[in-house]
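Quick note: to get our numbering, add 531 to the position in the sequence shown (first position is 1).
Accuracy of the hints is not assured; some may be wrong.
With a Cα cut of at most 20 Å, we get these calculated DMTMM-like pairs of lysine to aspartate or glutamate [as the list claims (entries may be wrong)]: (1) LYS626 - ASP716; (2) LYS659 - GLU673; (3) LYS648 - GLU636; (4) LYS606 - ASP729; (5) LYS742 - GLU637; (6) LYS732 - GLU618; (7) LYS684 - ASP715; (8) LYS648 - ASP602; (9) LYS732 - GLU696; (10) LYS606 - GLU579.
The set of hints was computed from the structure by calculation and includes no laboratory data.
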Amino acid sequence: MRTKKSLVAVMVVGICVVATSRVLSQDAGDKKPDGMPAMSAEDMAHMEEYMKLMQPGEAHKHLQHYVGTWDTVTKIWMGGPGTKPLESTGTSIFKSVLGGNWIMEEHTGSMMGMPYKGVGMMGYDNYKNLYVGTWFSNMGTEMLQMAGARHPKSGVTTQYGMMDEPQLSVHGRTVKYVTTPIDDDHYTFAIIDLHAGDDYKVIEISYTRRK
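With the hints as constraints, model all of the structure from the sequences given.
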């Protein structure tokens with residue numbers, strides 16, 4: 532009995548076949564490039580499935596809405612909800628990258644009186660059916676990761692992830708990230724510390740599109 536090939540191996544071979552075939556198609560017609568392994572019908576079906584997952588869809592079109600320059604106001608509640616927040620301003624520039632599969636945010640501002648720069652990636656995983664993202668900044672060496680869903684009616688995107696708290700010697704504190712649209716030119720992004728409470732908001736960033 533033939534051992535079933537891993538999907539990863541099939542994808543790699545399939546992508547190589549497709550890419551090389553395109554390059555050589557003008558001279559070689561529809562012939563398979565020399566040296567490329569033959570693919571079974573099952574392998575081809577797996578490859579076609581994967582190729583579909585590679586294509587941007589409606590969720591990715593939604594993310595393109597954020598492309599542009601936004602002015603931001605950040606509030607940080609160091610003492611928790613109900614206390615006076617620290618406020619700072621900044622600028623975020625969103626770009627569509629990698630064929631429209633991702634949007635990249637580059638943020639410049641300040642945090643607690645210090646210069647702050649951050650870079651984030653946001654996309655939609657067609658296989659998991661989830662909005663996924665990462666965030667990096669000059670104020671730490673950690674990488675934040677988040678995944679979640681967008682409500683079809685309200686448009687609110689709710690994601691979850693882990694955040695370390697070195698000052699408390701805590702690893703993997705569960706947090707919620709909530710992106711709330713207000714109108715075409717305004718939205719908010721909030722971070723909620725679920726370890727402290729379902730509505731324990733510690734950070735909120737208000738975005739206003741620059742025109």
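Right, here's what the structure says about each hint:
{"no.": "1", "hint": "LYS626 - ASP716", "in the structure": "holds, 16 Å"}
{"no.": "2", "hint": "LYS659 - GLU673", "in the structure": "violated, 24 Å"}
{"no.": "3", "hint": "LYS648 - GLU636", "in the structure": "holds, 10 Å"}
{"no.": "4", "hint": "LYS606 - ASP729", "in the structure": "holds, 18 Å"}
{"no.": "5", "hint": "LYS742 - GLU637", "in the structure": "holds, 18 Å"}
{"no.": "6", "hint": "LYS732 - GLU618", "in the structure": "holds, 14 Å"}
{"no.": "7", "hint": "LYS684 - ASP715", "in the structure": "holds, 15 Å"}
{"no.": "8", "hint": "LYS648 - ASP602", "in the structure": "holds, 14 Å"}
{"no.": "9", "hint": "LYS732 - GLU696", "in the structure": "holds, 15 Å"}
{"no.": "10", "hint": "LYS606 - GLU579", "in the structure": "violated, 46 Å"}
Checked against the numbered hints listed earlier, the structure breaks hints 2, 10; every other hint is satisfied.
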